[in-house]
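S.K.: If you want the building blocks of each chain, they are given just below.
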Amino acid sequence: MTPSREGARIALAVGAALALGFAVMACVSDQPWAAFRALLTGPLPSIERAADGRVVVHRLVRFGAWLQDATTLTLVGLAIAIPFRARQFSLGADGQLFMGALAAAAISLGLGDTPTALPLAFLAAAAAGAGWGLVAGLLKTRFEANEIVTTLMLNVVAVQVYRLVVGRVLNDPSAGFITTPPLPEAATLAPLIARTTVTAMVLVAPAAVAAALFLLRRTTLGYEIDLAGANPWFAVRAGVPVARATALAFALGGAFAGLAGFHVSNALLKRLPVDLTPGIGLEGIVVALLARGRVGALPLAALGYAYLRVGAQAMERATDVPREVVLVIQALIILFVVSDRLAPLALGLARRASARIGGRAA
Amino acid sequence: MTVAPLAIALEGVEKRYPNGTLANSGVSFAVAAGEIHALVGENGAGKSTVMKMLYGLERPTAGALRIHGRPVDFRHPGDAIAAGVGLVAQHLNLVPSLTVAENVVLGHEPRRAGGRLDRAAAAARVRALAEQSGLAVDPAATVASLPVGVRQRVEILKVLHRGARILLLDEPTAVLTPPETATLFATLRQLAEAGRTILVITHKLDEVKALAGGVTVLCQGRVTGSARMAELDEGALSHLMVGRDLPPPPPRRTARTRPVPRVVARGLGYVDDDGAIRLRDVGFDVAPGEILGIAGVEGNGQDVLARLLSGAAIPSAGDARLDGRVFTGLSPRAVHALGVAVVTEDRLHDGAAPTLSILDNLLATRYARPPLSRRGLIDRGTARRWAQAVIDGFGVRAAGPDQPMGALSGGNMQKLILAREIADAPAFLVASQPTRGVDIAAASALQSRLAALRDQGAAILLISADLDELLALSDRIAVLYRGRIVARFAAGAVDAQTLGLHMTGLGPSLDGDDHDAVA
Amino acid sequence: HAADGGPPRVAFFVNGALGDKSFFDSAARGLRQAEADLHLATRTIEGGYDPTRWESGLVDLADSGDFPIIVTGTYTMGPLVQKVAPDYPDVTFILFDGVVDYAHCACGNVYSMRFRQNEGGYLAGVLAAGLVRAGTIPGAREAVGLVGAMPIPVINDFATGYEAGARDAAPGITILRQFANSFSDPATGKEIAKAQYGQGAGVIFQVAGATGQGVIEAAEETGRYVIGVDSDQAALYRTSSPRRAARILTSVMKNVDAAILRALRLWQQGRLPLGRTESLGLKEGAIGLADNPEAALAVPPAVRAAVAAARQRIIDGTLTVPTAFAGGRP
Amino acid sequence: MSLDLVAAGTVATVVVAGTLRAATPIIFASLGGLISELAGCINVALEGVMLVAAFAGVITSAYSALWFPDAPLWLHPWLGCAAGLLAGTALAGLLAVFHLELGADLIVAGIGLNILAQGLTVLLMAHLTGDKGSTASLTSFALPNLRWPGMDGVPVLGVLLNGDGDAGHNVLVYGALAATGWVAWALRHTVFGLRLRAAGENAEAALAAGLPVKRLRYAGLLLSGLLASGGGVFLGMGYLTLFQADMAAGRGYLALAAVFLGGHRPLGTVAAALVFGGATVMAARLGLLAVPAEVVFMIPPLVTIAALVLVKQHQRLAARRRAAAGRATLLSS
Ligand SMILES: Nc1ncnc2c1ncn2[C@@H]1O[C@H](COP(=O)(O)OP(=O)(O)OP(=O)(O)O)[C@@H](O)[C@H]1O
Ligand SMILES: Nc1ncnc2c1ncn2[C@@H]1O[C@H](COP(=O)(O)OP(=O)(O)OP(=O)(O)O)[C@@H](O)[C@H]1O
Ligand SMILES: [Mg+2]
Ligand SMILES: [Mg+2]
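Chains as they are written, first to last, in my numbering: chain H, 1 to 362; chain X, 1 to 519; chain Z, 1 to 330; chain G, 1 to 333.
Some hints here could point you the wrong way.
[What the hints assert, rightly or not] Across the chosen pairs, the derived CB separations fall in these ranges:
hint, chain 1, residue 1, chain 2, residue 2, range
1, H, Arg-292, X, Asp-424, 33 to 43 Å
2, Z, Ala-106, G, Val-295, 35 to 45 Å
3, G, Lys-312, X, Thr-224, 53 to 63 Å
[As the list claims (entries may be wrong)] Partner residues aside, some chain H positions facing chain Z, computed with beta carbon under 7 Å:
hint, residue
4, Ser-29
5, Val-61
6, Arg-62
7, Phe-63
8, Gly-176
9, Ile-178
10, Pro-181
11, Pro-191
12, Val-264
13, Leu-276
14, Arg-317
15, Arg-323
16, Leu-327
17, Arg-351
18, Ser-354
No wet-lab data here; the hints were simulated from the structure. For clarity, every value in this text was computed on a predicted model and none was experimentally measured. Where a beta carbon is used, it is the ideal one built from N, C-alpha and C, also for glycine.
Isolated chain H, as found in the complex (with noise of 0.2 Å):
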């Protein structure tokens, strides 16, 4: 399909999901046109001339929201992407980006105020990240066990393990609550603009994704693993090492989302808390797929999604829309922009309709 046409189709995707999210609104809602504007307009900062004729810049933070929603999703979805190309279904980023924050925040830690602490907390968490990722490539290509079964239980396996370091061994017992000490000021990222959590991450993502697309078309690794995924008896019989290529596409995904671990890690919070929720890496898959598994993608149906849950959640807190509705919505758009056949679908009866008045009218 044409760039253009994908354009129009995940346009129409989107707007049939909103209405349908505008309808459910409706019901719950006094005031669904406010809520309607907060969603589509709600990661845009608003800018305000104020009565002494100062220019104010409100809700930076919203768009600051964006930019690092977006910086992780594009993260975590090249650990999604990048096996993909190797035909394997790697449903595990959650555990690589618990595993890599984990890593990066030990280290910062052990190393404190010095000015390693950084690049070497950056590359614990990527080694982490792809140390876990190797882990499900192994048991694939050594022993043939579904990956999506192991990712699933290698996500539990790393949140519980994370859960146990974080509480039991870097524990701060000042705290009041389970977390690690904060990191030290030298091992994180500040702030790129002020009062919003955008940081260096936010140019590490597309220069991750670049880094990406070079390795996959122009080394002779992205191309093993191409060829490993477009058909691996060929390419096994071709004298391609499939399993090495295979499992390494999982490392390489594995990577990427441990970066995504240090940006959760060092660049937003700064100190881990012991209830870090899984579930970013699922939705690594949704941008993957919404991106069709071409790399180059990504970054933009990662704004494009990080847009539609930033809108959502300014919606809630701007109206009364509750959050399951936002979640409603969230999953609307997933399950509509993924249907291949609804644009052509309602095209096609969009066409029939005007071809029966047309038809009338002659």
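Since the structure of chain H is already known, use the hints to place chains X, Z and G with the ligands on it.
M.R.: Relative to chain H, chains X, Z and G with the ligands alone:
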């Protein structure tokens, strides 16, 4: 004179696939009830598309189909089956984990109370059908464990079980041996005499002659000729099918260039994961500039032999050497690096990646070394230029290196695979079924390539189910039966009939390791 | 804000979701009460369970300029309030069940309150152990249980008090303690409770949010007793399931609602002690035991007397209940 | 001595009874997962199906009592059960429509429907009860327990047959056993089972054999919804007697794992579900020792992974043994 009623009629049928390909255009032809009709034409001519429309797998975008005179609009194979049409597709379509009986009755199962499957009745039915038609099968065998030839029989039984009045057969002989083909043809004639109508696709001239009462030729989606067999002589038929005179057969090499064998295999044996012995004590020599043909019924060890020689499997006994160096037991990449090239038997399964571009398919065996890659980075520019050169050099009809492999016709795909394997002038080529399913013109082009490679001094092991091809190309022929070499011949000293006997285990067997018996 | 005529608007930011039947729900009740009693306009915002969104959520509320006062709770939110509050000196923050470090931040606009839930836990321990020792529960051995959601400090604080109370009331008693690892899995809560009752526990104190509802069901099925937490959980079942209500001896009340109402009232009167932490317990009426007449008959008078005595000693300050918070109480 | 044995036996049977109870929802859901998986459609929405079924069951039983106060009491839970099954099946039907008609990716659509179920149940619950957490304020009903009479005080058998409180097992525990038998039988012996498996294993072949593949997949997904709904109804009207936001708590995903762990066979799948149920019970009991809860909750996933590895390793060793035997004959001949 009575005019037989028409069983099948196509009237101005057009089929345009959703991607825009015009596979059929203005196709009209008819088959009388009780007739065996051949549908021929080069790869991609639109033959299979005709079959698919007649069976409800695709719907025509224009025109009309009539079955027994009635216009039909099949939306689903179920409709076609209800109208008495059965299809044996080009690519076998069975459920591997089910038994033969279950596969045969699928969709028309004998039942017991409570929606239960009547297994005993199913088995009995299959046994009876097998007996009537002469297609021997074991109803209780799991399909996954069966060789391709037997699966083909299961497909035909499936159609017979549903009581099809019209049988559509898409290249049914591509995987059969001459005796099997003969049995199948006898069965088909018998069915036709009993009033059934048969439409068959084949690329083989002699099969058309042997079987068909009428023939329709397709070219680029249009009917370019239609004739009664009685009105045609051989030359006219081949001219009709190929559109020009047949290319001359590949030149037979006359004198041996070098007496020292390049490839020496001794005592090769293989035991699979189920403990079954698939290959036993296989030995042979191949000299430079020589083609050793391997004949055998599918499933008698040819595939295993090819896998052992290409590094895809490790022999349980014995070894093979190339210029004195053992190359069995190494990885596929190491084997390739030594100068061994392989054309696998099933191009869609393990010979190509149809979704990837021609370029990516060509890269598969050489992406990891200079000049196409350095230090892990692929030089796409050089690779493209090289791929374009290969496409041009081998006369492949393709839009360019970026076209997806799967969009090529079977013959062109096969040319590219051969091109990939012989582009660096290998010392030893293992070629399995190199022209299976390829149209006459393309097949002869491929055969000429093989002959040229031989003349450059390569040793070639040619595994083929097509005995005419084997006899035409090989210097010597060995016959594999149940994992052993049971006969060896100099190619000039044997005919298809004798080979067929040995292939089915009926020839006098050889004793011991006399691999040099013919050399 | 109030300038445009409407009543002052209060935002309640929940770092999770409502419906826990205890803590957040109680706070939300306090806000509804404030809406009625104090004529404030309140809005509750559920921030969801993803902690990476809480900071931006909080900033968004403060930044919007719509809310002169923001209420939020739990220790988890403490550091976030500490980070955000100095940027918005015009906004008042009420932080319940959590603290900011006033020594290290310019938090003159933050009022925080923490609860001495260990005192309530202590009374529950005295009650449970006393009842078990009295030997009137069929099938029970001399054992009491505790089912927690997660071993977080607030829950550990309940537990520490509970265990101290049980030991003081019945030295040598067996105390079972287990965590379900979830605030929202009543089935697992029920399985754990069944295991504890199976080991002879006569009473279980559940400090497990929604998971605790499984414990209450297990109590009904086994005919043993349970002690609820945070709000009067017997009241919840009184009409819908009286049999179940009769198994709830009492609930350790953490009157977040009353505390928030009080804080808002003080704010309205301009008397809210900003810039400091208040510690609230039995003495302030922020912690207490709920009365459940259905179950009261099961408790022998002597045990009731022991609970009352312990309560008095804690209020008098003659008894200090151990706490799970490192460094003790502020 | 013999008394100790009886006591040990009782503890063991208590664990068995608990396992059965904890496994029941997973058994139902995994049988559903198995059927749709065999039909060629992985059903990731099991979680959402359970949630919706539990919700509809609990709410309907409660409202049935409000609307029909004169109806006999036993009716309400069964009305709830029917509504739960219907609602869960409808959600699976939605998945089928999105996948089969609208071409949505199954896994993503499944995830989407799980989110939808999560949001919708709480939304409706808040609307109906004013409460976002649970339906504790409603009088909902449990499906009845079945008790074997005359088992009072019979040491081991009594607990086994009538549960640890001697209250009997819930009718849906027996329902899960019956469903297991039915699924195993239907897949193996009926025409429907044969067609379903054919459509799942090789859709093209099934289509070419004239089978209505799409309709079979609908059947597979709907049946999967019906079975998983049984698990949901049990959660809200058997295991517990209320609906609680997010009460499926990952059991749908565990059920999916059970399908793979059980090697796509009915009995294997149910065995795996029992292992998961057992792990929950063990967790509840191990927690009483000083094992950290986190470690205990790692047991089910680690068991799953270990089992996948061991099964493969076992197959491999067996193959190696067979190959060695074959090689011996090859070399000796
Ligand atoms: N499903 C499809 N979608 C799009 N194009 C198709 C499809 N199937 C076939 N085609 C195109 O239709 C044309 C005719 O294909 P068809 O399979 O009928 O050829 P054929 O005569 O059977 O060839 P062969 O001898 O190789 O089997 C080809 O050019 C092919 O590219
Ligand atoms: N979906 C498709 N899109 C485009 N071309 C297709 C598609 N499916 C099949 N084709 C092409 O249709 C042609 C005929 O396809 P078919 O599968 O009948 O034969 P084949 O196996 O490619 O050729 P052969 O006759 O050599 O076996 C081939 O060129 C094939 O690549
Ligand atoms: Mg064809
Ligand atoms: Mg063909």
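S.K.: Taking the hints in turn, state whether each one holds.
M.R.: These are the hints, each one checked on the structure:
{"no.": "1", "hint": "H/Arg-292 <-> X/Asp-424: 33 to 43 Å", "result": "holds, 37 Å"}
{"no.": "2", "hint": "Z/Ala-106 <-> G/Val-295: 35 to 45 Å", "result": "holds, 43 Å"}
{"no.": "3", "hint": "G/Lys-312 <-> X/Thr-224: 53 to 63 Å", "result": "holds, 55 Å"}
{"no.": "4", "hint": "Ser-29", "result": "violated, 13 Å"}
{"no.": "5", "hint": "Val-61", "result": "holds, 4 Å"}
{"no.": "6", "hint": "Arg-62", "result": "holds, 6 Å"}
{"no.": "7", "hint": "Phe-63", "result": "violated, 10 Å"}
{"no.": "8", "hint": "Gly-176", "result": "holds, 3 Å"}
{"no.": "9", "hint": "Ile-178", "result": "holds, 5 Å"}
{"no.": "10", "hint": "Pro-181", "result": "violated, 11 Å"}
{"no.": "11", "hint": "Pro-191", "result": "violated, 10 Å"}
{"no.": "12", "hint": "Val-264", "result": "holds, 6 Å"}
{"no.": "13", "hint": "Leu-276", "result": "holds, 6 Å"}
{"no.": "14", "hint": "Arg-317", "result": "holds, 5 Å"}
{"no.": "15", "hint": "Arg-323", "result": "holds, 4 Å"}
{"no.": "16", "hint": "Leu-327", "result": "violated, 9 Å"}
{"no.": "17", "hint": "Arg-351", "result": "violated, 42 Å"}
{"no.": "18", "hint": "Ser-354", "result": "violated, 43 Å"}
In this structure, the earlier hints numbered 4, 7, 10, 11, 16, 17, 18 are contradicted, and the remaining ones agree with it.
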